[in-house]
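Trainee: Take a look at the letters that make up each chain.
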Amino acid sequence: MTEMAQRQELDQAVPLAALFTAFFAVCLYGVGGGSGIVWARRIAVENRRWISDREFADIVSLCQFMPGPNIVGIAVCVGAKMRGTTGTIAAVSGFLVIPWAIGFSVGLLFLEYAHLPILRNILGGIAATAAGLLIATGIRLLMPHWRRPAALLFAGLAFGLITFAKLPLLAVLFVLVPLSIALAAIEKARAR
Amino acid sequence: MTGPSAPLALTVHLALLSSISFGGFPTVLPDVRNFVVGTHSWMTDQDFANIFAMGSRFPDRT
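Chains as they are written, first to last, in this note's numbering: chain A, 1 to 192; chain B, 1 to 62.
The hints are simulated quantities; they were obtained by calculation from the structure and are not laboratory data. Beta carbons are placed, not taken as given, at the ideal position from N, Cα and C, and that holds for glycine. A hint or two may mislead.
Residues from chain B shown here face chain A by an in silico Cβ test under 7 Å; the list is partial [to be verified]: (1) A15; (2) S19; (3) I20; (4) F22; (5) P26; (6) P30; (7) F48; (8) N50; (9) M54.
What follows is a set of in silico ranges between Cβ atoms, one per label pair, in the way DEER data are often shown [claimed, not checked]: (10) R54/A to H40/B: 15 to 23 Å; (11) A57/A to M43/B: 38 to 46 Å; (12) R48/A to S19/B: 17 to 25 Å.
Under 10 Å between C-beta atoms, here's a sample of chain B residues computed to sit facing chain A [stated by the list, open to error]: (13) V12; (14) L16; (15) G55.
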């Protein structure tokens with residue numbers, strides 16, 4: 001417990017550079033598709049002991065409700081907890097600097113020569129596998145609702161309105177989300 | 001890119017989309033494509049597919 005109290009006092013002393021390098025490391029360990037959340041937990045909870053296991057679990061569940069990538073949300077929360085706004089900026093920039101640099105340099109270079117047949121084949125293959133992964137993720141998200149006609153109806157409506165009617169996502173969301181929530185509420189009331 | 005306001009328009013649009021991207025970037029991908037390829041004709045569908053392919057291989061592609 002005294003260690004916890006000491007830790008609380010030390011919270012203020014976490015250097016911005018440490019936040020930056022910690023999330024820089026999270027990003028590097030995550031290369032190749034490993035879950036960044038696992039690495040963020042190992043570094044922030046186990047190695048640096050900035051936050052407790054419980055706090056980390058709370059942050060992860062909060063980030064699942066927030067829009068945007070979970071792992072960026074975790075960087076925001078940990079940075080904010082340690083050093084406030086500047087801590088947030090340090091943690092997020094540490095996490096983003098590598099993807100940003102690669103995206104900027106390699107991306108520009110690749111697109112410059114994207115017309116070359118060999119690059120076109122490589123990019124085409126990668127795009128196809130990435131699209132396949134997206135479809136697989138979508139199906140996996142839909143599976144738990146397979147036996148609920150209402151859920152399937154809304155999934156189909158959202159797909160049709162965006163794909164065939166070419167409506168913007170915002171409009172589709174604002175129409176379908178309230179309807180879907182209302183229907184779910186009615187379903188639940190009837191089940192009682 | 002066309003005109004000095006183009007980067008601003010892109011930033012505002014992406015900021016708006018990111019605030020509703022529950023479930024990650026894939027949910028807003030069609031809308032980003034419609035914005036840059038359809039509405040503004042900043043790039044072709046092929047360009048967008050190339051960028052998507054590269055983006056999906058970067059560290060932390062979430």
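Trainee: Broken hints, numbered, in rising order?
Mentor: Checked against the structure, the hints that fail are numbers 1, 7, 10, 12 and 13, while the rest are satisfied.
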